[in-house]
Amino acid sequence: MAAKHKTKEWRKLGEFVLLFVLLPIPVFYLLAQFWEPSLHLAYYILVTLFVIQAALSYLQSTASMLRDPWERQARPPRPPVPRASFLVSAYLPNELQVIEETLQHLLTRIERPAAGLEVILAYNTPHFLELELRLRELALQHPSLILANAHGSRSKSQNQNYALAQATGAIIVLLDADHRVSADCLSRAWRWLEAGYDVVQGRCSIRNVDDSLVTRLVGVEFQTIYGISHTAKFRLFHTALFGGSNGYWRAAALRATGFRNDRLTEDIDATLRATLAGHRFVHDRTIVSTEEAPVTWRGLWFQRKRWAQGWFQCSLAYQGAVLRSRCLHGREKFIWTMLLLWRVGYDLVSHLLLPVLVAYWLQRGRVELPVTPYILFALIFTLVSGPYETLAAALRADHRFPGRRYLLYAALSFPYTTYKNILQVIAIRDELAGHHEWIMTERQKKA
Amino acid sequence: MRPSEFLERIRQIQSQDRTAADVYADLAINLPDAIAREAFRALTLEEARHVAVEQEILALLQNDAPSIADGQADTPHGSQA
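Chains as they are written, first to last, in my numbering: chain A, 4 to 450; chain B, 3 to 83.
The hints are simulated quantities; they were obtained by calculation from the structure and are not laboratory data. Note that CB positions come from ideal geometry on N, CA and C, so glycine has one too. Heads up, a few of these hints could be off.
What follows is a list of derived Cβ distance ranges for each label pair [to be verified]:
#1 A:Q100 - B:A50: 29 to 37 Å
#2 A:G17 - B:A44: 32 to 40 Å
#3 B:A50 - A:R238: 47 to 55 Å
#4 A:L62 - B:R11: 25 to 33 Å
Chain B stretches covered by chain A per the calculated footprint, using a threshold of three residues with CB under 8 Å from any CB of chain A [what the hints assert, rightly or not]:
#5 23 to 32
#6 37 to 49
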């Protein structure tokens, strides 16, 4: 099965090279024969797209370097927290290795509200597992652990909806099976919910950073995503998103939203529906949860492709509604358009720079880079944006890595970004071809 | 048993009964033997009745004794409120 998947993906990569690198060369060359300025125009348009993307990155990196008042407090105030429900989703047997430790952590390490706490494990399993006996033992020891076996469930969304029907908390915390949240997560989240927000998204950090080159890169990447990008979106554009785990929902908001079974990223889909319904989201990077990254490039490929495909589904479904919405103000509409429509357009078009250059060389009969002051500025501006973002991430990291790890990430940011952009195009291709296969993220077996 | 623990135990059992009802309902449709299907249909109804009674007990306890419903659940290491 793994070999079959691998062959399919290599074929798709071949299709990408053909459609986005090789075929455009003669197209641009022929276009230039009919209208000479077309190549220059295409070149400058593409370079300007890179400049815009880099400008947004600089803006976000700079905005997130400041600490907000709550971040500067060593111990923030602790208001009384209402009853909370932790909903942990697990797809067994894939997550056998991690689920017991996650449950133990929640049952014994989290600061409990006076009104009580429950931990609901929403799971599905193709057959009876010995683990279930151990889970029942755990439930006997801890009355607040509820084992919700969602019989017949085929997805995380179904598991979550099944558990949601049984949750009794005023705050509902959604976690993946491998997540370990900080002990004070509830009081930190509640101060936002008490202030009128409906959903709080915390920071997700990678726990297994030393397992491989992939996890080392993803470890820094997550610091840029959660420490910089998401934080900046909230500060600059007053919006945030629920990323699938370490999310704290007001119970009424989550019940009104629910999760759709036909989405590859049910979290982004729920975010958009809730946002369009007027619910308010906040991102708080002081609420930290750790998780495990895929260890192999294969694992990373399938995980990120699923995310990209899910985002594309949401772009198709909600971009129009975002622009028409009376609930969202201009800044929110702007950033959501950047995340939805712009992201798709950029992913598709940004790969055309190389074909444009090759067509230009063919037209000129020699290899030369058309460098002007603007092009030189654009080149430096774009290439430095990745390292600048990495620096910002290091300064605002929840857990700072050795400096060489950030240097490695900064040095590899351009090829890594290119890898992800190619992956996103292939995800768009899969969605348009109707391929919705969910390949579970492999878990590294512990020795 | 503390009142809060009593409520939690009922919720635990109720979740198990819900799963059992779902499994029985599935078998009541999919088994080839008609007698077995009938038996599982009866079990499905029985489990659904369990879930409903448990819900009534929870509602009764929560209405009559709000302090029980709010719970003072202790961790194995003591309250951390």
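query = Which of the numbered hints above does this structure break?
reply = Hints 2, 4 and 6 not satisfied by this model.
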